[in-house]
Amino acid sequence: VNSLVLRTAARFLISLLLVFALFLLLRGHDEPGGGFVAGLVAAASVVLFSMAYDVPSARRFLRVDPRRLIWIGLLIAIGSGIPGMFTGDPFLTGQWADIEFGAVGTLHVGTPLLFDLGVFLVVVGVAVTLALTMAEE
Amino acid sequence: MATLTTNDLLLPALFAPFGLALLAVPFERALGRWSARLLAALVAGLFVAFLTFVPGVTDGEVYTASLGWAPALDLAFTLRLDGLALLFALLITGIGALVLYYGGDYLSSTAARGRFFLFLLLFLGSMLGIVLSDNLVALFVFWELTSITSFMLIGFEHTRQSARDAAQQALIVTGMGGLALLAGLVLLGIHGGAWEVSALAEPGAIDSESAMVLAAFWCVAAGAFTKSAQFPFHSWLPAAMAAPTPVSAYLHSATMVKAGVFLLARMHPVLGDVAAWGWALPIVGGVTMVVTAVIAIHQTDLKRILAYSTVSALGTMTFLIGLGTPFAMKAVIVFILAHALYKAALFMVAGTIDHETGTRDRTVLGGLRHAMPVTAVAAVLAGISMAGLPPAAGFLAKETLFAAAVEEPLIVLLAGAVLITGALTLVAVAMVVAGPFFGPVRETPRHGHEGTPGLWFPPVLLAVLGIIGGLLTPLGASVLTPPVESVYGAAVDVSLSFWHGVDVVLILSIVAISAGIAGYWQLAMVQRLLPVARANGDAAFHGYLEGLGFVAVVHTRLIQNGSLRRYIAIVMLALAAAGLGMLLWQDGFATPAYESVGLEVFAVAALLMVTSIAAAVTRSRLRAVAFVGAAGFGIALLFVLFSAPDIAMTQVLVDILIVVLFVAVFRHLPTTARSIPSRLIRLRDAAIAVAAGVTMTALTWTVLTVDRSQDVSTYFMESAYPLGQGRNVVNTILVDFRALDTLGEIVVLAVAAVGIIAVLRLRPEDDAPANQSSGIETGETS
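Each protein sequence line maps, in turn, to chains Z and Y.
If you want the working numbering, it's the position in the first sequence, counting the first as 1, plus 1327.
If you want the working numbering, it's the position in the second sequence, counting the first as 1, plus 22.
Worth double-checking, as some hints may not be accurate.
[Unchecked claim] Short, incomplete list of chain Z residues facing chain Y, as computed with Cβ under 8 angstroms:
(1) Leu1353
(2) Gly1355
(3) His1356
(4) Val1364
(5) Leu1367
(6) Ile1397
(7) Leu1401
(8) Ile1405
(9) Ala1424
(10) Asp1443
[Claimed, not checked] Using C-beta positions, here's what the derived DEER-type ranges look like:
(11) Y/Arg783 x Z/Glu1427: 44 to 54 angstroms
(12) Y/Arg783 x Z/Ser1342: 47 to 57 angstroms
(13) Y/Ala709 x Z/Asp1381: 41 to 51 angstroms
(14) Y/Leu691 x Z/Pro1383: 16 to 26 angstroms
(15) Y/Gly571 x Z/Phe1350: 51 to 61 angstroms
(16) Y/Pro475 x Z/Pro1383: 57 to 67 angstroms
(17) Z/Val1332 x Y/His690: 20 to 30 angstroms
(18) Z/Ser1342 x Y/Ala627: 35 to 45 angstroms
(19) Z/Asp1381 x Y/Leu691: 16 to 26 angstroms
(20) Z/Val1332 x Y/Leu97: 18 to 28 angstroms
(21) Z/Val1332 x Y/Leu762: 40 to 50 angstroms
(22) Z/Asp1381 x Y/Ile778: 15 to 25 angstroms
(23) Y/Leu663 x Z/Phe1350: 15 to 25 angstroms
[Stated by the list, open to error] Chain Y stretches covered by chain Z per the calculated footprint, using a threshold of three residues with CB under 8 angstroms from any CB of chain Z:
(24) 285-291
(25) 664-672
(26) 758-771
Just so you know, these hints were derived from the structure itself, not from any lab.
Quick reminder that beta carbons are idealized off the backbone N, C-alpha and C, glycines included.
My request is simple: use the sequences and hints to build the entire structure.
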């Protein structure tokens, strides 16, 4: 594939897709979205890049080895379960906190978001690894 | 009789070795050989911490600690330190500290030391976990951890085939026993309605007559017998001598192999009244005790002599626990203590000899007392204890053992077995101590001389403690009362003395000692008279492994033949059989009442049908994939229509990626059009497809008739915000309510990715690519 149209479009689409993935990840707890879907969107953006250009450029674009994302994601997901144990709850019990930002408002955050981030990274890692490895064959 | 006290020290004491294990490799990098001394000192600190419990436990106190684990399952991580647990905890930490010190000098290379400390400390923690756990599940987890760390330690020199084989054998034998133990513990938990050993030991908690408890007994016994290398599972232990000697001294004499004995001792108050307990344990223990004592005197390798005599000692312990009398329990506790001290010391002595002279073959060793005088002292003192001579702890152990045997009705048989074992043990002692250290000086591969302090101090300390312990025990027998009572399950009067007057016990002792001395004098004749028992588990074990390999090959050819078509056909047929079978014979088929749906649903349904049929009949691969993708989009539309936007989004993205992956794979397929199979095959495939479709339709219809007013989704709808703090119900389920499931799923995802990478990247270079990737389309040619 060597299409100028696809390349030009990909430049815009990829950033849009990545922002969208982040958006899905962050709002997932209250609105449709979540780590799994966000991970697939982000993976799709990398796959799009690899189709518009080629696989080595896609790997450079990603900067990290996608295989590394898999275990980092697993560690984050497991780690998100540990804070609950310090309060005497079982592993993976959600812990929440409200962070005040003065006039801007309050941010309601908790370990489930961290868990979702772990899911996100694993899904991105697995999907990108598979797609790029197969495309490289 | 016991007062319970909660103690905050127990949990940190249990987790400390695991924390130290993480530090072991960095410590060793930073400090080199000194790291062994530091780690040994830290573990010795743990030993002192446990020592502080001795006065309390002697006064009859029992310390407990508890940590929430999975409250939803009624599971708590409960620890309990009673007399038996304290005795073992002291042995584990005390000998552990000495073995760390010894191992630091024994192992020369840095990389080996770091790994050794890591695994040994992990093992130490797991072993502490076994003896401190009151909860059955925790006990099992630690039990398995000792099997795994033992596997790592036996296979420590992993470049040697024999070490790997020995490690594998130990893991498989103890692992199978572990599975049996799990079944036994679960049966006990279900039967007794409690998951704490202390609760199950309460009078009336267990009905010793019931079949379930009998089954539980056999399962628990299988776990204990395999772990403690009882006949016919004994052969993994001598094979485990492939491990470095510090490991043998620790795991395979003083601690891990005693886990099985510990388990039996722990379970005696729970299962002791089961009728089979009274005959199975004495028979298995007695046979092990005699058979392996005979095998021991045929060995030439010092470590193997000690290994077989360890199995024999473990048999004696099992035998005593099986007798179940207060005398027997007293004997087993004294014996555990004495054996741990002298056997660890003798293993270290054997290791030092090997380290300094380059051989462990007793036939080429002699006169080492000149070159290695300190080690010789340790060997002699430990040997006195092992031989059961006064005033060592081993003498008291043997006297109590004889006393326990002669009060049984089968006195002649039992006393005979104990007598033969006692005499053969003395022969083994002479082979290990008298042979190498006395007599004329012999040539060895290296010229022997005394090793570094790390190589002689630990065995000397242990051997001296064995003698001092023997001397002091008659005075301070009250210290031994709590462990004996925890094993017996009721109050026992524990008193020990060297002199009972001239009675049958003393006569037996003298006969055993004289027979032993005569036996060593005429060793060649005794070896001819007592042929090596060929009956061991080795042949059965290797037969089992071969059988397993054969079944795996047949199974793989039958089910995993590499044809994706066949996989799908099997999955679909199994689904149809199970689903339709359940509907026809169990639940019955039902038609739901019609609920009116909008026209758009019919439109999507029509789209789905058209795309599916098109995907099945088209001749172009690309078109088929495009149609499958379109069908996926149709399903996503259905999710949108029935208000499941999350699932719809996921469906769309998964479909996109699947199409992309298919296209990536297509580049490797021959460019010819899809081959058309014969009419018969097409009919067969159509039949399978129809069966699967009919099943799913019937299941879906029937599911719709189920009353859903009380189902789980109502719960999640209501509690998503108050409990999960989210308004997206699906997401709160995924990341909060069912987070553990999700964690499991992403782990599976990661493992699957590793597998796929391996398949794609690591295929042999010379294989034609077409053969490898063609499974998708042409794997089946029938």
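Verification of the supplied hints:
{"no.": "1", "hint": "Leu1353", "result": "violated, 11 angstroms"}
{"no.": "2", "hint": "Gly1355", "result": "holds, 5 angstroms"}
{"no.": "3", "hint": "His1356", "result": "holds, 4 angstroms"}
{"no.": "4", "hint": "Val1364", "result": "holds, 5 angstroms"}
{"no.": "5", "hint": "Leu1367", "result": "holds, 4 angstroms"}
{"no.": "6", "hint": "Ile1397", "result": "holds, 5 angstroms"}
{"no.": "7", "hint": "Leu1401", "result": "holds, 6 angstroms"}
{"no.": "8", "hint": "Ile1405", "result": "holds, 7 angstroms"}
{"no.": "9", "hint": "Ala1424", "result": "violated, 11 angstroms"}
{"no.": "10", "hint": "Asp1443", "result": "holds, 5 angstroms"}
{"no.": "11", "hint": "Y/Arg783 x Z/Glu1427: 44 to 54 angstroms", "result": "holds, 50 angstroms"}
{"no.": "12", "hint": "Y/Arg783 x Z/Ser1342: 47 to 57 angstroms", "result": "violated, 31 angstroms"}
{"no.": "13", "hint": "Y/Ala709 x Z/Asp1381: 41 to 51 angstroms", "result": "holds, 45 angstroms"}
{"no.": "14", "hint": "Y/Leu691 x Z/Pro1383: 16 to 26 angstroms", "result": "holds, 24 angstroms"}
{"no.": "15", "hint": "Y/Gly571 x Z/Phe1350: 51 to 61 angstroms", "result": "holds, 53 angstroms"}
{"no.": "16", "hint": "Y/Pro475 x Z/Pro1383: 57 to 67 angstroms", "result": "holds, 59 angstroms"}
{"no.": "17", "hint": "Z/Val1332 x Y/His690: 20 to 30 angstroms", "result": "holds, 27 angstroms"}
{"no.": "18", "hint": "Z/Ser1342 x Y/Ala627: 35 to 45 angstroms", "result": "holds, 38 angstroms"}
{"no.": "19", "hint": "Z/Asp1381 x Y/Leu691: 16 to 26 angstroms", "result": "holds, 21 angstroms"}
{"no.": "20", "hint": "Z/Val1332 x Y/Leu97: 18 to 28 angstroms", "result": "violated, 60 angstroms"}
{"no.": "21", "hint": "Z/Val1332 x Y/Leu762: 40 to 50 angstroms", "result": "holds, 47 angstroms"}
{"no.": "22", "hint": "Z/Asp1381 x Y/Ile778: 15 to 25 angstroms", "result": "holds, 21 angstroms"}
{"no.": "23", "hint": "Y/Leu663 x Z/Phe1350: 15 to 25 angstroms", "result": "holds, 24 angstroms"}
{"no.": "24", "hint": "285-291", "result": "violated (count 0)"}
{"no.": "25", "hint": "664-672", "result": "holds (count 4)"}
{"no.": "26", "hint": "758-771", "result": "holds (count 8)"}
Violation of the numbered hints given earlier is confined to hints 1, 9, 12, 20, 24; the remaining hints are satisfied by the structure.
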